[in-house]
Amino acid sequence: MQTLIFRTTAPFLAALMILFSIFVTLRGHNDPGGGFIGGLIAASAFMMYGIAAGVQYVRRALYFHPISVAAFGLVLSATSGILSLFEAQPFMTSQWTFPTIMGVEVAISTPMFFDIGVYLVVMGSLTSIALKLEEE
Amino acid sequence: MAGNADNAVDFAAGMLVAPTSAVDWLIVAPTLITIIGGASLVMLRYQAKWHGYLTCFFLAMLVVVDAILLARVMEHGPLTMTMGRWMPPFGISLVVDALGALMALISAVVALTVCVYSLADISVTSTRFGFYPSLLWMMTGITGSFLTGDIFNLYVWFEVMLISSFGLLIVDGERVQIDGAVKYAVLNLMATTLFLVTTGYLYGAVGSLNMADIAVRLREMPAGAAPMGTIATLYLLAFSMKAAAFPVNFWLPASYHTPKIAVSAIFAGLLTKVGVYALIRTLVLVMPEGRDLLSDVIAWIAALTMIFGAIGALAQNDVRRSFGFLVVGGIGSSMVGVAVGTEDAITGAILYAVNSILVMTALYLAFGILMRKNGGKYNLADLGGGYKASSWLSILFLALVFAASGLPPFSGFWPKLILVEASLKEGYGWLAFAVLLSGFITTIAMGRIWAHAFWRGGPIGTVDGRDAAPLYTLSSVVRHRVFVPVMALVAMIVYIGVNPSPVFSVSQYGASTLLKPDHYIAAVFGPVAAQRTVMNEDHATAEGQEDAGAAKSRGPNSNRANSNRANSNRANSNREGAH
Numbered sequence: 001m002q003t004l005i006f007r008t009t010a011p012f013l014a015a016l017m018i019l020f021s022i023f024v025t026l027r028g029h030n031d032p033g034g035g036f037i038g039g040l041i042a043a044s045a046f047m048m049y050g051i052a053a054g055v056q057y058v059r060r061a062l063y064f065h066p067i068s069v070a071a072f073g074l075v076l077s078a079t080s081g082i083l084s085l086f087e088a089q090p091f092m093t094s095q096w097t098f099p100t101i102m103g104v105e106v107a108i109s110t111p112m113f114f115d116i117g118v119y120l121v122v123m124g125s126l127t128s129i130a131l132k133l134e135e136e
Numbered sequence: 001m002a003g004n005a006d007n008a009v010d011f012a013a014g015m016l017v018a019p020t021s022a023v024d025w026l027i028v029a030p031t032l033i034t035i036i037g038g039a040s041l042v043m044l045r046y047q048a049k050w051h052g053y054l055t056c057f058f059l060a061m062l063v064v065v066d067a068i069l070l071a072r073v074m075e076h077g078p079l080t081m082t083m084g085r086w087m088p089p090f091g092i093s094l095v096v097d098a099l100g101a102l103m104a105l106i107s108a109v110v111a112l113t114v115c116v117y118s119l120a121d122i123s124v125t126s127t128r129f130g131f132y133p134s135l136l137w138m139m140t141g142i143t144g145s146f147l148t149g150d151i152f153n154l155y156v157w158f159e160v161m162l163i164s165s166f167g168l169l170i171v172d173g174e175r176v177q178i179d180g181a182v183k184y185a186v187l188n189l190m191a192t193t194l195f196l197v198t199t200g201y202l203y204g205a206v207g208s209l210n211m212a213d214i215a216v217r218l219r220e221m222p223a224g225a226a227p228m229g230t231i232a233t234l235y236l237l238a239f240s241m242k243a244a245a246f247p248v249n250f251w252l253p254a255s256y257h258t259p260k261i262a263v264s265a266i267f268a269g270l271l272t273k274v275g276v277y278a279l280i281r282t283l284v285l286v287m288p289e290g291r292d293l294l295s296d297v298i299a300w301i302a303a304l305t306m307i308f309g310a311i312g313a314l315a316q317n318d319v320r321r322s323f324g325f326l327v328v329g330g331i332g333s334s335m336v337g338v339a340v341g342t343e344d345a346i347t348g349a350i351l352y353a354v355n356s357i358l359v360m361t362a363l364y365l366a367f368g369i370l371m372r373k374n375g376g377k378y379n380l381a382d383l384g385g386g387y388k389a390s391s392w393l394s395i396l397f398l399a400l401v402f403a404a405s406g407l408p409p410f411s412g413f414w415p416k417l418i419l420v421e422a423s424l425k426e427g428y429g430w431l432a433f434a435v436l437l438s439g440f441i442t443t444i445a446m447g448r449i450w451a452h453a454f455w456r457g458g459p460i461g462t463v464d465g466r467d468a469a470p471l472y473t474l475s476s477v478v479r480h481r482v483f484v485p486v487m488a489l490v491a492m493i494v495y496i497g498v499n500p501s502p503v504f505s506v507s508q509y510g511a512s513t514l515l516k517p518d519h520y521i522a523a524v525f526g527p528v529a530a531q532r533t534v535m536n537e538d539h540a541t542a543e544g545q546e547d548a549g550a551a552k553s554r555g556p557n558s559n560r561a562n563s564n565r566a567n568s569n570r571a572n573s574n575r576e577g578a579h
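Chain order of the listed sequences is A and B.
For the first sequence, the positions run 1 to 136 when this note's numbering is used.
For the second sequence, the positions run 1 to 579 when this note's numbering is used.
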């Protein structure tokens, strides 16, 4: 797959796909999308970049080992449910806050962090598997 | 949502508004500790030398939390917490009763002892491949299964347990391990799929997944309104496969001898008992009608499993396989309790499960010590000289032999006594005979292993005690790490054998909650009923205001509030998907 065109466009495509995956993840709260599908898109971006450029570049670009990223996602998802402890509510009760950042009201919530955790778990574990397979 | 003051939402209609005390968080703490613990170990994957100690620390925390939970259940009755404040039966409830808390505590204790043993048994390579995170996540699945009050959630925890156990099975990546793992995986995946299909069927018939709610609805339904016979039979088949009961038990002796002995020990102790637990939970608490229909079938399965397990244990020459058959036999004894179904019988089943968890784990661990000493031999013909090499080990092993055979004064005696008595009382004389017969054959099988491995001086073909190669002695660090867990387990077995009343009273309380689930149901639906009463009173006193409030909350300025609510709903379903 080492054609010149593919190798040149792959970094741009991968960057676009990761941006899109973040968009899909955040959009998922109200519309179709979410952490799982976002993670899949991000993982396929890394897979594609790995096919085009070689696995070692993907590993360097990721900096952290993909499995560690997945584990961090799991911790993030689990802890997002714990915040309700301080509100005397059961586990996983969603907490919302609406701060105004630069004149725009932004909804920040624990379900969002849960979804980001799912994103990281899916992205990390699938990237880990794919990179291992591409190395073989 | 709570932070947004201008959007008034009537939470009380769909959510529990009463504050949750921090103590109730103990119900979710066991799963959280193990999930977060496992994930942080994966993040620390380059510090493999700390994994073992950190895992022991997390498991010690788990033991403490489970112990407090059990103490609270004994004091206050069943405890419950429904995720995300959604009103049961719509939210996922975690419900802890005496049975669940007892099983969770015993499994945490066993996991802790196995973890200490693993410090000596598990190589750095296996640690890098993720032995300890898998162990912690398997405990997540097991504890979650014991603590959940939702039958679909039970399926999810089964999957968590299953996937982590695959990791543990193949952690060394040897050919024979992959072979064992394939047999294990295929049958267990079939069992969980069957479990899922049956759950779908049950949901279609009853319209609920919350165990307490199903129990209520089934008791209110006219007889024959739901196909209880089919559903109960399917559950029986699915959980029998998981528990390795007679016709579907062949995967267990074929796979449990392949991994490291620490892994075999925890598998033998815990995994099959989760199947038994699920069987007790579904057939006794949720659908007693199904259990009544099937009691004769279960009795036959139990008897055949016991006899078959004992004969299999007698027939094997590989000691680890022989233990595998013993696990199968123990499952049969627990199922006797389910078949008879009186309070005494179920108490006996719970007690036997506790005894079997402790004894099977300790047996594998103790035999692991002998294998360390003789250079990894496991065939009866090659064993010998154990007593000469370590009299301590042979005494510990003998205690386990007695406990596994159900002889006094060890923990195996009391549950068998209770089961025999309960069977005789209910007119199941032949079942009582099967219990005693299987105990007799087990005694021969276990005595044979002890005599060959410890009593005689050397392997077959050597003159007794003369030409046999001496066994290795262990360095003091290894000796402590392998002997302390076995000694702790044997101490518990002896304690339960000499003073059975604490465990007996907990089991009896668990059995009575299962048979008369009023407290269990009240624990789940009590808060809902209380809230409804308060709401109705409010409604009566301030009818006008209520209407105005309701109109306002449906008014134009509260679009966000409504969509938020829909969103949380979605988030909830995402959560299920994410599991």
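Be aware that one or more of the hints could be misleading.
As the list claims (entries may be wrong) - With a cut-off of at most 20 Å between alpha-carbon atoms, the simulated EDC-like pairs for lysine to aspartate or glutamate come out as follows:
no.	chain 1	residue 1	chain 2	residue 2
1	B	LYS260	B	ASP179
2	A	LYS132	B	ASP172
3	B	LYS377	B	GLU220
4	B	LYS260	B	GLU174
5	B	LYS425	B	ASP518
6	A	LYS132	B	GLU174
Keep in mind the hints are simulated off the structure, nothing from the lab.
Here's how the hints hold up against the structure:
no. : hint                 : verdict
1   : B:LYS260 to B:ASP179 : holds (14 Å)
2   : A:LYS132 to B:ASP172 : holds (18 Å)
3   : B:LYS377 to B:GLU220 : violated (59 Å)
4   : B:LYS260 to B:GLU174 : holds (11 Å)
5   : B:LYS425 to B:ASP518 : violated (26 Å)
6   : A:LYS132 to B:GLU174 : holds (19 Å)
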